[in-house]
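Below are the chains, spelled out letter by letter.
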Amino acid sequence: MTSYSPRLLTPIEEQEIYPYRRVWVSVAVELSIVFIIAAALYVATALLGVSLPRAFYLPFNIALLALPLALWTIFSLLRERAAAEPRQHLLGVLVIGGLVANAIGYPVVTQVFQTERWLPLANAFTRIVGYTVSIGAFQEVLKYLVIRYSIWPQQFRTRLDGVAYAAACALGYASVLNLQFLLNNAPEPAIFAMRVFENIALHTAGAVIVSFGLSEMRFSTPSPLILPLTVVFAAVINGAYIPLSAGLSNAGFSLEGSFASPVFGFALAGILVGAVCFLTAFLYTRSERQAIEAEGRD
Amino acid sequence: MAVIEVGREEARELSLRQRWSHYLVIGYVLVMFLIALNMRDSTLYATVPYQDVRAGVRVLYPQNWLLDTSGDYIFRVRDMTSPDFKTTILIQIQPISPVTTARNLLDNLSLSRSQSLSGYRQFPRQEVTLGEDIAATSMAYTFTFSEVDPFLQSVPIPVQGLDIVVIQREQAVIITFQASAERYDELFPYFETFLADLEF
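Order-wise, the sequence lines are chains A and B. In terms of this note's numbering, the numbers along the first sequence are unbroken and rise by one, the last being 298. In terms of this note's numbering, the numbers along the second sequence are unbroken and rise by one, the last being 1200.
Where hints are given, some of them may not hold.
[Unchecked claim] Just so you have them, the derived chain A footprint on chain B, three or more residues with Cβ under 8 Å:
#1 1028-1034
#2 1089-1098
[Claimed, not checked] Residues of chain B placed beyond 10 Å of chain A at every Cβ, according to the derived structure:
#3 TRP1020
#4 SER1021
#5 HIS1022
#6 LEU1024
#7 LEU1037
#8 ASP1052
#9 ALA1055
#10 LEU1111
#11 GLY1131
#12 PRO1156
#13 PHE1194
[What the hints assert, rightly or not] Pairwise CB distance ranges, derived in the manner of DEER restraints:
#14 B/GLY1071 - A/LEU248: 42 to 48 Å
#15 A/GLN114 - B/LEU1030: 39 to 45 Å
#16 B/ARG1169 - A/GLU116: 41 to 47 Å
#17 B/PRO1150 - A/ALA124: 58 to 64 Å
#18 A/GLU116 - B/SER1116: 31 to 37 Å
#19 A/GLY49 - B/PRO1189: 46 to 52 Å
#20 B/PHE1123 - A/GLU116: 49 to 55 Å
#21 B/SER1116 - A/LEU121: 41 to 47 Å
Hints were generated in silico from the structure; no laboratory data involved. These figures come from a predicted structure and were not determined experimentally. No residue lacks a Cβ here, since even glycine has one placed at the ideal position from N, Cα and C.
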């Protein structure tokens, strides 16, 4: 006789579908790949002694210039289009960011502020303050204005939309600075790769901080000071990085001989963008949780 | 026929809080911009006073420029940080006879410079006014500067100069500005500031 023992089946859990692209993953992957390639180039040229023929510098540098844009297209734009609820106008924000950098940001920094004429010889404190009030504040506000007048607040549907648009704007802005650096210099690919990463990391860090302020103003009712404070914080980071990086990278005086080490500035940029993204992600999570709790109470 | 518009979001009215937040950011960048320009100008155009009681000259010259009073001039300052030609401001005072004119002085200067400076060329002279009421004559010129040491392997540098001659109380005051031709326009504001503060 056949006996049937009762058997309980575990019900299939309904997996919640996240309809948006996971923006922190994209930012982390893109920055990590650029960082690894730049570090690998430095190791190959400075430590292993591999040298590229000079004729290949320009095509190699153009490839390095295009690398972050290609990575953004693959990991952000295409994945965004594959998401159930894609974010609109990401490419537009990137292009406007680049145009603003080329039309306003770069000319004002080089021709109006002319920081290379008066700041490099100043003391450390003056340099930090000088770069913060000039380049730092101006660049961060430009990126803020791009987002503010192109997609904010209509396109902000979740808090993390701010990060996606900020990263796009920062990449557009930084790409123009990288292009200007390439046009005005003939750098070795390893040096240029590090500069590419530094510019993108620095601008992403600043823009991500400001995006938190924009998201808070869109979804919460914080003090009106929160947005200006994020811009100030981003400007300070931007302004402090330039002299700190130069101080770490430039050769000092020594009886035993000394040489410039751009790798320290490069590493600082990596640490900075990592720390800023970690801190901002924490703040985003905290705000999200607070909003959910507030909804629950209501 | 029904028209369906896709992708257009409803325009949302900004709250007072959001508006104030935006105004504060704009205010912040304007203040920072002014502070940055002020810092730039106070560093770039910072000056140091110099007075020569015997010659009756009082000037404010750019900070960190090298002062030299030991030559056949009253006063000379040079920007030793210039990468090419050291930007120079110089004041000479020459006693003259009552019939000497600015033209005579400038002709003499041109003759002596054409013998000592390589590729010297002068441009048309102009009548100018220093301050509010001091009549003066200016003469622009160019020459090429080469390093004295031939082992430095440097390319000759085109230099642009400007002489301003003022005749007062039977003496001629010759104020000279010389800078690399490539950066002349960029550096000329130093000379304009210098002239504005000059007393003799």
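Verification of the supplied hints:
Counting residues of the region 1028-1034 of chain B whose C-beta lies closer than 8 Å to any C-beta of chain A gives 4; at least three are required, and the coverage claim holds. Residue count for the region 1089-1098 of chain B with a Cβ under 8 Å from a Cβ of chain A: 0. That is fewer than the three needed, and the coverage hint is violated. Consistency note on B/TRP1020: stated as away from chain A, yet its beta-carbon is not over 10 Å from all of that chain's, at 4 Å minimum. For B/SER1021, the requirement that its beta carbon stay farther than 10 Å from each beta carbon of chain A is not met, with the minimum near 4 Å.
A cut-off of 10 Å between C-beta atoms contradicts the statement that B/HIS1022 is not in contact with chain A; the least separation is 7 Å. With a minimum CB-CB distance of about 4 Å to chain A, B/LEU1024 fails to clear the 10 Å threshold, and the non-interface call is violated. At roughly 8 Å from the closest C-beta of chain A, the C-beta of B/LEU1037 falls inside 10 Å, breaking its exclusion from the interface. Residue placement check: B/ASP1052 keeps its beta carbon more than 10 Å from all beta carbons of chain A (closest about 29 Å).
Residue-level check passed: B/ALA1055 sits 32 Å from the nearest beta carbon of chain A, beyond 10 Å. At roughly 37 Å, the least C-beta separation between B/LEU1111 and chain A is larger than 10 Å, which holds for a residue marked as non-interface. Consistency note on B/GLY1131: stated as away from chain A, and its beta-carbon is indeed over 10 Å from all of that chain's, at 28 Å minimum. Distance check for B/PRO1156 against chain A: the nearest CB is about 25 Å away, which clears 10 Å, and the non-interface claim stands.
Chain A leaves B/PHE1194 outside its interface by the beta-carbon criterion, the shortest separation being 18 Å against a cut-off of 10 Å. Between B/GLY1071 and A/LEU248 the beta carbon distance is about 44 Å. The supplied range of 42 to 48 Å therefore holds. At roughly 19 Å, the beta carbons of A/GLN114 and B/LEU1030 sit outside the given window of 39 to 45 Å. Evaluation of the 41 to 47 Å hint for B/ARG1169 and A/GLU116 yields a pass: the beta carbon distance comes to about 45 Å.
At about 41 Å, the beta-carbon gap between B/PRO1150 and A/ALA124 misses the expected band of 58 to 64 Å. Against the hinted window of 31 to 37 Å, the Cβ-Cβ separation of A/GLU116 and B/SER1116 comes to about 35 Å, which satisfies the hint. Under the hint 46 to 52 Å, the C-beta atoms of A/GLY49 and B/PRO1189, about 48 Å apart, fit the expected range. Range check, B/PHE1123 to A/GLU116: about 31 Å between beta-carbon atoms, so the 49 to 55 Å window is missed.
Distance hint check: the CB atoms of B/SER1116 and A/LEU121 are about 34 Å apart, inconsistent with the given range 41 to 47 Å.
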